[in-house]
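Novice: Single-letter residue listing:
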Amino acid sequence: MTIALNTHDVAEEITKRIPDAVEEVSNNYILVKGQSLYSVSQFLKDSPSLYFDYLNCIVGTDYIDYIEVVYILESYKHNSTITLKARAYGRDNPTLPSVVALWAGADFQEREIFDLLGVTFTGHPKMKRIFLWEDFEGYPLRRDFL
Amino acid sequence: MVQSLDTREEIIQVATQPYVLNIGPHHPSTHGVFHLRTVLDGEVIVDAEILIGYLHRGIEKLAETRTYTQVIPLTDRFDYLASMTNNLAYCLAVEKLAGIEVPERAQYLRVILAELMRASSHVMSLGFLMNDLGSLFTPLFLAAREREKMLDLFEMLSGQRLLYNFMRIGGVSQDATDLFLFKARQFVDQMPMYLNEIDQLLTENEVFRVRAEGTGALSAEDAINFSCSGPVLRACGVDRDIRRDDPYLIYDRFDFDVITCQNGDNYDRYRVRLGEIWQSLRILDQALRDIPSGEVQAKHPHFLRPPVGEAFSRIEAPKGELGFYLVSDNSIAPYRFHVRSSTLINLTPLSKMLIGWKLADAILTLGSIDIVLGEIDR
Amino acid sequence: MDAPVFDNWWGHFLLFAPICIFGALTFLLLFLWFDRRYWARYQIRVGPNRCGPWGLLQCLADGLKMALKEDIIPSKVDKFLHGLAPLLIMFPVLMVFAIIPFANARSGVVPDLNIGLIYLVGITSIVGIGLLTAGWASSNKWSLVGAMRSIATMVSYEFPVVLSLVGVGLMAGTLSMNGIVEAQERNGWFILLQPLGFLIFFVGMMAETGRSPFDFMECESELGCGVNTEYSGLRFGIFQMVEFMEGVLMSFIVATLFLGGYSFPGSQGIFPEGALGAVFGLIAVMIKMFIVYIFLGWIKCTMPGRLRIDQWMGFAWKALLPLSVLNLIIVAFEVVAFGGAPNFPAWVLFINLPACIILIMLWSRFWTTGGGRINVRAVRQGHTQGA
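Residue numbers (my numbering), protein chains in the order written: chain P, 1 to 146; chain V, 1 to 378; chain Y, 1 to 387.
Calculated directly from the structure, the hints in this document are not laboratory data.
Simulated crosslink set (DSS-like; lysine-lysine; CA at most 25 Å straight-line):
#: 1; chain 1: V; residue 1: 352; chain 2: P; residue 2: 126
#: 2; chain 1: V; residue 1: 149; chain 2: V; residue 2: 183
#: 3; chain 1: P; residue 1: 128; chain 2: V; residue 2: 61
#: 4; chain 1: P; residue 1: 128; chain 2: V; residue 2: 352
#: 5; chain 1: V; residue 1: 352; chain 2: Y; residue 2: 141
Just chain P, same shape as in the assembly:
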C-alpha cells in the first residue's frame, strides 16, 4: 500500500534543512515558495529517509489570482508518496524553476503547463509549446480564455 506520508513531519524536516521554504501545510499537501522549489525538490529526492526518486505527475490549475502547480512525488524504495505545491503569481508571465535536472520525466509535463497555462519554467532546455502550434496566442486552460 503506498503510504501518503504525514505532511507535517515532512514539512518539519524541510524547514530544518531549508528554512523559510514552506509556506503552508495542510493534511494533503505542502505548499512551498516558488523560488525555493528547486532546493526543496532536491532535498526530497536526495535525502535517504525520504528518497522521492519518482516524479509521478505535474499538474497546473488556474485559480484566478495565481496558478498552482502540483507535484506528486513517489518513493519506490519506501513505497510512499507526497504532494508538493507551488504557486506562480501574475498573469503576464508567471514563472517557476524547472525540476528537469532532477527528474527528467518533468520534461513534457512542464512544456504542457507552459503550453496550456502559460507558466514559464526557468532552466528547462526546450521551453516551447508541445500540443499547440508555435504561433498560437493565448493559453487555453486558463479560466479567462473562453
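Once you've looked at the hints, dock chains V and Y against the given chain P.
Specialist: Chains V and Y alone, transformed into the frame defined by chain P:
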C-alpha cells in the same frame, strides 16, 4: 560524423551530411498521427525530436463544462484501445473525491472488465509490433482473431466494440448477464491455446530475436528518472505494479505475479506484455469464480456535487500508470480535470533510446513502447 | 501446329508472338489470383472471392483500377527519369522470360540461347538501376532511403548468386539454359547434386528479386512504400506487377536450373518430339514452378519480420559469399576429378550433401549478425532546427 565503437580515428570517410527525415504524421507504422523528426547520418539516428499535438482535442478544457457523469464518454477517447480502464480510473478518482462506496458485485465486474481490457490491449500491441517488424500482417490477423472474441464479450455487455462508456460513478452502468459470465469463462479456458501458439511461433524466433534484442534499451535508473511506468518500466527490471503495491478495487484479494525482465530492450517489453496476458487470465479465473450477486451501482445524486477538495487516483492501465487529478469546487462540473497520461510520459526517454540505433530500430522501438495518440495528445 | 509455320517472318510475329504474349499475361493474372488466395489462407481469411466466379476476375479489376486512377506527378521530380524508372524495371524482367526453356530446343518452339546464364545475370541487374532511378527521381527522402537500401542489397547478393550459377554452369558444362536442363536429364537434378549451391541461390535470388523477407520494393512498413511512394496510377501498377512477376520468374529459374526444367532424369526419348512433346515439357515446368512458388509464398507469409539492412549486408558478405566460394571450389574439384561435365555420376550427392550440412552448421555457429549501438557524438550543433 559518426564513429564506430572501436573508434578507429584514421577511417577515411567520404564526406557525408546528416539529413533530416520526418517519420511524419502520415506513416504506416507510427500508430497514429505522430511526428518524429529524426536526423540521420546514413542509416544511423543521431538525433530524434518528438512533435505531437496533431490529435489535441482539448478534452481537459471540455471536461470543465460537463457534469461528472458527462465526462465519462470523454474519458473513453483517451486510450481508445482500452476504454474500460480509462473509465475506471476516472470513476475511481471521482469516488475518492466524493467518498462514494462501490458495491461488491460492481467491484468484481470492474476487475473482470479491466483484466479483459488489458488482455485485449496487449494482444493488439503484440500483433502491431510484428507488423512494425515487417511481417506482412500474418501475426496481426492471428491477434485480431483473438481480440474479436474479447470484443464480442464487450459488445454483449455494453453494446459497443471500441468506446464503451460503461463504468459509472459508483459502479458500472448495467449488470452482467449469466450468459456473459459463461462466455467469459469459455474465453478464459480457451485463450491459453492461442498464447502457447504465439509463444511457439514468435518468442524463440531467430529473426525476431535478432531484431529486438538489445535495441532500444533503457536502464532501470533512467526509467525511474524519466517517470516511465507499466511494461516499459517492468521490462527494465523495476518491480513495480500498482495493482500490487497500491491496490485499488479488490486487487488485494487476488493472487497474481508481476512480470519483470532485465534489459529493458524491445524483446523484454514483448515478453513482459505476453506474461501479463497470462496473469490477466489468472485474475479473470479467480474473479469469475468468486463474483457475488448484488447491486452494481451505488446511489448518488443525479448531479453529483463532491465537497471542495482535490483527489489524485491512479490505476495500472495496460499502457502504464494512468492517473486522474480532479479538483472540485462543489459545483456539478469539475474545476480542473487532468490526465496523468502514461504514454506521453513513457515517450520522454524516446530520443535517448533511439540515438545510435538505426532507422529500422526506431520504428520497432516506437511500436514496443505501445503508444496511443489519444492519450498523448488528449 | 507444325514448326515450319513459325519459321516464317509473318507466322512468327503475327501468330506466335501474340499467342505467347496473350497466354503469358493471362497466365500471370490467373497466377496472381492463386497467389492472393494462397496468401489469404495463411492469414485465416479467404482472399478475393467476389469478382467473377471464385474471384478470378479480381486481378483484372485491380489492374483496371490502377490504370484508371489519376497519375499524380509531384512538381519537383525529374520528369524523364521518373517516367523511365518503371520501364527500366519492367522490361528486364519480361526479357528474362524469353530464355526460360519450356520445351526441348529440338521441338522448334523454344529458342536456345547459348549464353543463357550470362544473359540472366546481366539483364536482372538492370532492375537495380531502375530502382535507383525511381528512388532518385522522386524528390523524396523516403524513396531515396528505399532506393539506397535496395541497391545495396542487390549489389551485395549478386556475388553469391553469380558464384552459385557458375557452379551450375560448371557441372553442366555449358552456359545455355537448354544445355543445363539436358545435363540434369542425364545426371540427376542439381538440387540434389549441389544442395549448397541451391540454397545459396534460393536465398540470394529472393534478395535480388525483392521477395519478402527482402521486400524493399514492396511497401515496407518502415519506409511507407519505399521507392513507390511518389507513383500513382498505372506506373504504380507496373511496380506491383513487376514485384509479382519477379517472384514467378525466380520460380521458373529455380525450376529450370535446379529442378530439371522440362525433363525428368532419364526421360530422353520418352516424350514425342516436336510440338506435342513441347506441351508435356510445358506442363512439367509449370508443376515445378508451382512447387517452388508455394515455398516462396510460404516464406513470405510466415516470416515474422525482416532483418535490419546492416544485418542483411552482413549475411550476404560474411555468410553467403564465403559459402558460395567454398561451394564453387568443391564443384570445381569434382568436375576436374570426373573429367568434364557429361561423365558426372550421381553419387557425388553423397559428397555434396554432407558438405552442405557441415558447412551450414559451421557458419551458423560462428557467424553473428553484428551491428549494435553506434557511439554518436557531437551532432547537436546545427542539425536540429529550433532545438
